[in-house]
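K.L.:
Which chain is which? The protein sequence lines are C and S, in order. Letter by letter, the first sequence follows residues 1 to 351 of this note's numbering. Letter by letter, the second sequence follows residues 1 to 154 of this note's numbering.
If you're looking for bench data, these hints aren't it; they were derived computationally from the structure. Positions of the beta carbon are idealized from the N, C-alpha and C atoms, including for glycine. Take the hints with a grain of salt, since some may be wrong.
[Said to hold, decoys possible] Heads up, simulated DSS-like pairs for lysine-lysine below, C-alpha to C-alpha not over 25 Å straight-line: (1) C:Lys80 <-> C:Lys64; (2) C:Lys211 <-> S:Lys15; (3) C:Lys211 <-> S:Lys22; (4) C:Lys204 <-> S:Lys52; (5) C:Lys193 <-> C:Lys64; (6) S:Lys35 <-> C:Lys211; (7) C:Lys288 <-> S:Lys52; (8) S:Lys15 <-> C:Lys270.
[As the list claims (entries may be wrong)] So, partial list: chain S residues that the calculated Cβ filter (under 10 Å) puts toward chain C: (9) Tyr16; (10) Lys26; (11) His56; (12) Leu60; (13) Asn66; (14) Ala95; (15) Ile101; (16) Met113; (17) Phe115; (18) Ala125; (19) Ala126; (20) Gly133; (21) Leu136; (22) Gly139.
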Amino acid sequence: MDKRMQYILNAPNRVGGQTLVFHNRPAVAAMATIAGELEAQGTFGHHYDIVLTDDLWGEESWEKAESKMFEQVVRKALAKENLSETWVECLLGGDLLNQIIAANFAARQLGLPFLGLYGACSTMAESLLLGSVLVSGGFMSCVACAVTSHFSTAERQYRMPLEMGTQRTPTAQRTVTGAGCTVLVAPGSPAAKNIEITHGTVGKVIDLGIKDANNMGAAMAPAAADSICAHLADTGRTVDDYDLIVTGDLGALGAELARELCLQRGVDLKDKHLDCGDSIFTPEQDMKAGGSGCACSAIVLNAYLLKEMMSGTYNRVLFLATGALLSVSSTQQGESIPCVAHAVVFERRAD
Amino acid sequence: MSRNLNRKELEEKEKYNALVQKRMDKSPLFLDCVKAFVTGGIICAVGEGFRKFGFHVLELSQDDNNAFVAIVMVFLGALLTGLGVYDQIYKFGGAGAAVPITGFSNSVVSPAMEFRREGLVMGTAARMFNIAGPVLVYGIGGSVIVGLLWLAFQ
Chain C
1 MDKRMQYILN APNRVGGQTL VFHNRPAVAA MATIAGELEA QGTFGHHYDI VLTDDLWGEE
61 SWEKAESKMF EQVVRKALAK ENLSETWVEC LLGGDLLNQI IAANFAARQL GLPFLGLYGA
121 CSTMAESLLL GSVLVSGGFM SCVACAVTSH FSTAERQYRM PLEMGTQRTP TAQRTVTGAG
181 CTVLVAPGSP AAKNIEITHG TVGKVIDLGI KDANNMGAAM APAAADSICA HLADTGRTVD
241 DYDLIVTGDL GALGAELARE LCLQRGVDLK DKHLDCGDSI FTPEQDMKAG GSGCACSAIV
301 LNAYLLKEMM SGTYNRVLFL ATGALLSVSS TQQGESIPCV AHAVVFERRA D
Chain S
1 MSRNLNRKEL EEKEKYNALV QKRMDKSPLF LDCVKAFVTG GIICAVGEGF RKFGFHVLEL
61 SQDDNNAFVA IVMVFLGALL TGLGVYDQIY KFGGAGAAVP ITGFSNSVVS PAMEFRREGL
121 VMGTAARMFN IAGPVLVYGI GGSVIVGLLW LAFQ
């Protein structure tokens with residue numbers, strides 16, 4: 001074998017093809033969420049820290065409101081645990097807008113070192129994964145991972161003006177208005193809580209030819225299934241090793257398709273699968289296939305899942321967020337929708 | 001950006017698309033048609049009411065009356081869009097709310113409102129025909145062709 005190849009294959013902190021192992025495990029120190037009014041009427045309503053009653057949130061435009069959510073969710077997470085903003089060594093995150101302006105402009109207000117990320121709706125998992133790399137590698141001891149999305153800004157960018165009449169198809173999903181932030185610290189830090197990140201799986205971009213931008217769940221399901229199967233193969237684990245396998249925003253149809261695709265590869269998710277998009281709204285809210293957007297997985301993770309883990313309901317959770325990497329231009333030019341799913345593993349430390 | 005797909009990839013895509021089509025909830029076509037018929041019918045009945053009003057009360061000529069009804073219906077469409085009601089009607093009625101002239105009004109007013117924040121010139125004015133533009137281009141273009149054909153064969 002080529003000697004250079006051998007060197008590449010021998011990365012000490014990686015198992016299998018795509019999975020990173022954090023021997024030096026980053027710990028969750030704080031988290032916060034902001035949610036819109038409809039989200040607050042949904043399944044996890046009483047868990048959100050801040051609920052917007054007005055989707056402009058006192059700003060002049062929805063874009064400014066979205067940026068404010070990103071800024072405030074970071075401040076809220078730190079304030080909840082009495083952490084100083086000066087301790088945060090890096091802010092990682094993004095949103096759905098062109099040139100991720102919500103995150104960029106919020107980073108200007110926060111004045112923190114900032115790495116802007118775009119993974120569409122997978123950005124929460126992407127920022128947690130990269131944040132864990134920074135902390136685990138000893139480069140930083142405290143990072144904040146945050147994302148935001150806003151129904152009104154997403155509608156005007158990706159679809160139609162708000163007051164323009166439209167009829168939603170049964171597969172359409174609603175972009176979640178909200179923001180979520182997780183603060184990660186080095187292991188052993190006094191701020192560390194009892195939840196650690198043990199693994200991260202970097203997803204491949206998968207495209208099985210779905211072109212319907214109103215059916216993102218079906219477009220994203222293959223990427224989710226691919227990352228779940230890759231993670232399990234890399235780590236040599238089975239579904240039984242996890243208490244819960246969480247996907248970001250596949251929605252009702254996408255979640256069903258992802259389970260079926262996993263089954264085709266011999267991975268039975270059984271009753272361990274929870275899709276944030278499918279569960280964030282109640283059926284009475286009639287949101288068709290469910291929620292989507294960066295904030296969808298972010299607020300369910302930070303408001304509900306991590307709290308449940310802390311109290312011991314779940315001990316090991318595989319958290320995936322899926323992103324549809326399309327743009328208005330690519331859709332109009334008839335391209336299909338490439339999608340990606342990144343994953344991180346949260347584990348409750350027994351002590 | 002198109003890639004050369006090998007046969008296996010193509011087969012996988014076809015298989016997946018078939019699965020998606022099988023699992024997908026379809027729009028309830030018959031129910032949607034009934035709703036569209038009722039909604040469109042009501043809008044047209046309102047228009048007809050104004051036509052009768054123009055004809056009998058205002059005693060407008062046929063041509064003036066046509067313009068009168070169109071102006072009133074466009075105004076109502078714009079007003080209901082501004083009040084945030086028209087998109088609710090559309091959600092229920094679909095094509096029944098899109099096809100009458102009130103739907104055209106909705107498609108002009110909604111981007112005009114939406115892009116107000118980008119300024120009156122580059123926002124409202126430049127984006128106003130974002131959605132209605134194609135209708136105008138092909139509507140006017142089509143009428144020119146029909147006009148020329150009429151001229152040639154009369």
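K.L.:
Next step is simple, just say for each hint if it's right about the structure.
P.N.:
The hints, checked one at a time:
| no. | hint | verdict |
| --- | --- | --- |
| 1 | C:Lys80 <-> C:Lys64 | holds, 24 Å |
| 2 | C:Lys211 <-> S:Lys15 | holds, 15 Å |
| 3 | C:Lys211 <-> S:Lys22 | holds, 16 Å |
| 4 | C:Lys204 <-> S:Lys52 | violated, 64 Å |
| 5 | C:Lys193 <-> C:Lys64 | violated, 33 Å |
| 6 | S:Lys35 <-> C:Lys211 | violated, 28 Å |
| 7 | C:Lys288 <-> S:Lys52 | violated, 41 Å |
| 8 | S:Lys15 <-> C:Lys270 | holds, 23 Å |
| 9 | Tyr16 | holds, 4 Å |
| 10 | Lys26 | holds, 7 Å |
| 11 | His56 | violated, 32 Å |
| 12 | Leu60 | violated, 30 Å |
| 13 | Asn66 | violated, 25 Å |
| 14 | Ala95 | holds, 8 Å |
| 15 | Ile101 | violated, 14 Å |
| 16 | Met113 | holds, 6 Å |
| 17 | Phe115 | holds, 8 Å |
| 18 | Ala125 | violated, 15 Å |
| 19 | Ala126 | violated, 14 Å |
| 20 | Gly133 | violated, 13 Å |
| 21 | Leu136 | violated, 16 Å |
| 22 | Gly139 | violated, 19 Å |
Going down the numbered hints, you'll see the structure goes against 4, 5, 6, 7, 11, 12, 13, 15, 18, 19, 20, 21, 22, while the others check out.
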